[in-house]
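These protein sequences, in sequence, are chains A and B. Numbering-wise (the working numbering), the first sequence opens with residue 3 and increments by one. Numbering-wise (the working numbering), the second sequence opens with residue 3 and increments by one.
Don't read these hints as lab results, they were simulated from the structure. Treat the hints with care, since some could be wrong.
Repeated chains share a single entry, so a pair holds when one copy, or any two copies, can fit it.
[Stated by the list, open to error] With a straight-line Cα cutoff of 25 Å, these simulated DSS-like cross-link-like pairs (lysine-lysine) come out:
(1) 255 with 38
(2) 208 with 177
(3) 192 with 84
(4) 241 with 280
(5) 208 with 329
(6) 25 with 307
(7) 296 with 125
(8) 255 with 276
(9) 265 with 140
(10) 140 with 256
(11) 307 with 280
(12) 255 with 84
(13) 177 with 205
(14) 265 with 280
(15) 84 with 296
(16) 255 with 280
(17) 307 with 296
(18) 241 with 140
(19) 54 with 198
(20) 38 with 205
(21) 256 with 331
(22) 8 with 331
(23) 140 with 255
Number of protein chains: 2
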Amino acid sequence: MQELIKVAVDAMGGDHAPSEIVKGAVEAVNSQEQVKVILVGRESAVQAELQKYQYDASRVEVVNATEIIEMAEPPVQAIRMKKDSSIVVAMKMVKNGEAEAFVGAGSTGAVLVGGQVIVGRIKGVERPPLAPLLPTEKGASLLIDCGANVDARPSHLVQFAKMGSIYMEHVMGVKNPRVAIVNIGAEEEKGNALVKETFPLLKECKELNFIGSIEARDIPSGYADVIVCEAFAGNIILKLYEGVGSTLISMVKKGMMTNLRSKTGALLVKPALKETLKRFDTSQYGGAPLLGLKGLVVKTHGSSKAVEVRNSILQCVTFTQQQMNEKIKAGIQVNENQEGNGSHGI
Amino acid sequence: MQELIKVAVDAMGGDHAPSEIVKGAVEAVNSQEQVKVILVGRESAVQAELQKYQYDASRVEVVNATEIIEMAEPPVQAIRMKKDSSIVVAMKMVKNGEAEAFVGAGSTGAVLVGGQVIVGRIKGVERPPLAPLLPTEKGASLLIDCGANVDARPSHLVQFAKMGSIYMEHVMGVKNPRVAIVNIGAEEEKGNALVKETFPLLKECKELNFIGSIEARDIPSGYADVIVCEAFAGNIILKLYEGVGSTLISMVKKGMMTNLRSKTGALLVKPALKETLKRFDTSQYGGAPLLGLKGLVVKTHGSSKAVEVRNSILQCVTFTQQQMNEKIKAGIQVNENQEGNGSHGI
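Let's have the full structure, built from the sequences with the hints guiding it.
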């Protein structure tokens with residue numbers, strides 16, 4: 003029998019905790035026999051949810067944690083003070099090797115801080131980037147970085163490109179992923195100071211399939227597999243993607259309800275349209291990994307329902323099976339030796 | 003009789019020049035009796051297009067310019083070398099007072115450089131921002147800055163906020179426009195170094211209705227009237243807006259063509275949907291003004307058709323009638339006196 007892959011899940015994080023989190027965890031266990039889920043949170047609340055389902059009890063464990071980090075709390079302080087919070091307890095299990103991965107839908111700030119402070123960075127990784135998958139016309143692209151560490155340096159972006167490329171190749175199965183840097187024009191001489199400094203460094207990386215700049219307009223068409231940017235720009239891209247998407251879809255729906263004729267038409271197009279728009283739905287990909295840590299940390303949307311929680315847990319299985327952290331370690335060390343750059347600042 | 007407002011139009015710029023440019027100019031003249039259009043470009047080509055239409059000949063003038071600045075040319079060099087290009091000749095007319103405004107669909111870089119170098123900045127304006135209108139669920143918001151001057155300073159952003167607020171109030175008729183700064187979270191302590199420095203400066207501006215941060219997700223819903231950011235972020239927002247919008251609309255259209263049932267439905271919903279999506283079409287607003295110059299410079303999309311050219315020309319009429327430059331001058335001077343800041347660097 004193969005060894006189980008253990009995923010510690012914050013049962014108390016997100017808008018629909020604990021019900022949807024527990025449901026998603028059970029669905030993951032029932033659909034993948036190699037995964038064991040450790041639900042961390044208020045034991046009585048978690049057990050009450052678990053009673054609703056049928057599952058292999060040997061692969062679901064509950065670990066009690068009495069505190070909850072709220073969305074609005076300052077993350078650094080919360081991680082430091084709330085030692086018995088579900089996030090801190092679950093992350094410590096990853097640190098201590100009791101779990102391979104963490105999945106959480108709670109405060110993004112707390113997950114990012116906890117990942118760095120508790121789980122810790124792989125040696126050589128300067129900054130762990132948060133890297134969600136964006137749906138595109140052709141499938142999905144990895145947007146790296148969307149985290150909380152703004153004002154990045156060129157060396158950070160080069161590492162993001164390497165980690166993102168490794169992720170797309172081994173977790174998503176994209177051969178020779180196309181890597182591009184977000185810019186305001188296609189020409190090499192365009193861009194802000196950060197992009198201008200980073201561009202030639204990326205060109206030098208022989209292990210990358212660097213295809214140059216990508217304008218934001220070309221992201222939705224799937225022009226690149228790995229989209230490199232600093233976190234402030236990444237945050238704008240991620241959130242505008244969701245914002246324009248949901249506004250347009252709601253406008254399309256309202257537009258169809260204008261009159262009797264259009265309402266009749268709406269009934270007829272609905273099934274086909276639903277299928278099409280599903281491809282533009284971010285929840286199918288699970289959460290965003292925080293790459294470059296000693297264990298895997300996955301942040302799912304605060305609004306996650308069971309399906310996203312399940313997909314996030316399953317993503318951890320592929321990540322672990324592919325020995326991603328070994329590959330990232332090897333990829334980053336190449337960089338260190340080549341450039342003699344050993345700076346490890348946050 | 004009121005004096006005519008003279009708009010110098012680059013007849014040779016954009017994907018559909020000169021045909022759509024000339025057509026849009028004629029439409030503007032025919033729909034607004036106070037405007038006079040000066041078409042600048044190759045005289046024979048422009049005259050050949052003009053022959054197709056009926057119009058008041060006293061309000062359409064053709065000025066010959068033998069050269070054309072191509073899209074790919076380095077802007078600074080092009081403006082310097084091509085003295086007889088349509089952009090340079092038209093902008094010189096604005097500088098010399100022979101026209102109040104310039105409208106062009108050609109190279110963005112050349113229009114921005116020409117605006118600064120030939121038309122020149124209003125005294126006190128540190129950087130002229132390019133400010134397009136974004137369609138939202140509620141109407142339109144001004145995105146300021148989307149220009150080519152990246153890596154802005156806090157004082158630039160404060161001026162952008164002031165100029166944008168004046169524009170929305172007097173050209174778009176929005177009372178007490180809500181001004182917000184693009185950020186990665188709603189809290190004041192969030193953001194990159196630039197945003198953190200700018201935020202308290204905006205709070206201090208009593209003449210602004212500053213409502214704090216805006217996350218990119220909330221832009222499409224129309225949460226703010228004036229959206230302040232530096233040009234790199236602005237460029238991402240503008241282009242992603244267009245990219246996600248066109249990808250989603252093409253997916254919706256394709257989705258409706260999936261099978262016979264959905265195709266029948268598509269025929270029924272089409273008119274209502276078309277009306278709805280028109281509200282999300284940027285061309286209805288004309289081009290983006292480059293604010294803070296001694297004359298008005300408007301950049302329209304490279305892909306502009308006649309309707310966008312016409313709207314851009316009509317926008318110049320409102321701008322001039324509202325004495326926008328006098329208002330911007332007054333707004334910026336308040337700033338200068340208050341802060342004793344007279345730096346005029348590009």
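Homo-oligomer pair classification [residue 205, residue 38; C-alpha up to 25 Å]: neither (42 Å within a copy, 51 Å between copies)
Using 25 Å as the alpha-carbon threshold, which applies to residue 256 and residue 331: within, between, both, or neither? Classified as neither: same-chain Cα gap 50 Å, cross-chain 43 Å, threshold 25 Å.
For residue 140 and residue 255, with the copy left unspecified, which applies at a CA distance of at most 25 Å: within, between, both, or neither? Result: close both inside a copy and across copies, 24 Å intra and 16 Å inter.
Is it within a copy, between copies, both, or neither that the alpha carbon of residue 307 lies no farther than 25 Å from that of residue 280? within (15 Å within a copy, 34 Å between copies)
At 25 Å max between alpha carbons, let me know whether residue 25 reaches residue 307 within a copy, between copies, both or neither. within (9 Å within a copy, 53 Å between copies)
Given a CA cutoff of 25 Å, do residue 255 and residue 84 count as a within-copy pair, a between-copy pair, both, or neither? neither (44 Å within a copy, 51 Å between copies)
Go through the copies and call it for residue 265 and residue 140: within, between, both or neither, with a Cα cutoff of 25 Å. between (30 Å within a copy, 23 Å between copies)
Is it within, between, both, or neither for residue 296 and residue 125, if the alpha carbons may be no more than 25 Å apart? For residue 296 and residue 125, only the intra-copy Cα distance (9 Å) is at most 25 Å; the inter-copy one is 56 Å.
At most 25 Å between C-alpha atoms: does residue 255 with residue 38 qualify within a copy, between copies, both, or neither? neither (41 Å within a copy, 43 Å between copies)
Homomeric proximity label, residue 241 with residue 140: Cα distance no greater than 25 Å: both (20 Å within a copy, 19 Å between copies)
One pair to classify: residue 307 and residue 296, alpha carbons no more than 25 Å apart. Within, between, both, or neither? Intra 27 Å, inter 55 Å, cutoff 25 Å: neither.
Within, between, both or neither: residue 265, residue 280 at alpha-carbon 25 Å: Cα proximity of residue 265 and residue 280: in one copy and across copies (21 Å, 19 Å).
The structure fails to meet hints 1, 12, 17, 19, 20 and 21 from the earlier list, while all remaining hints are met.
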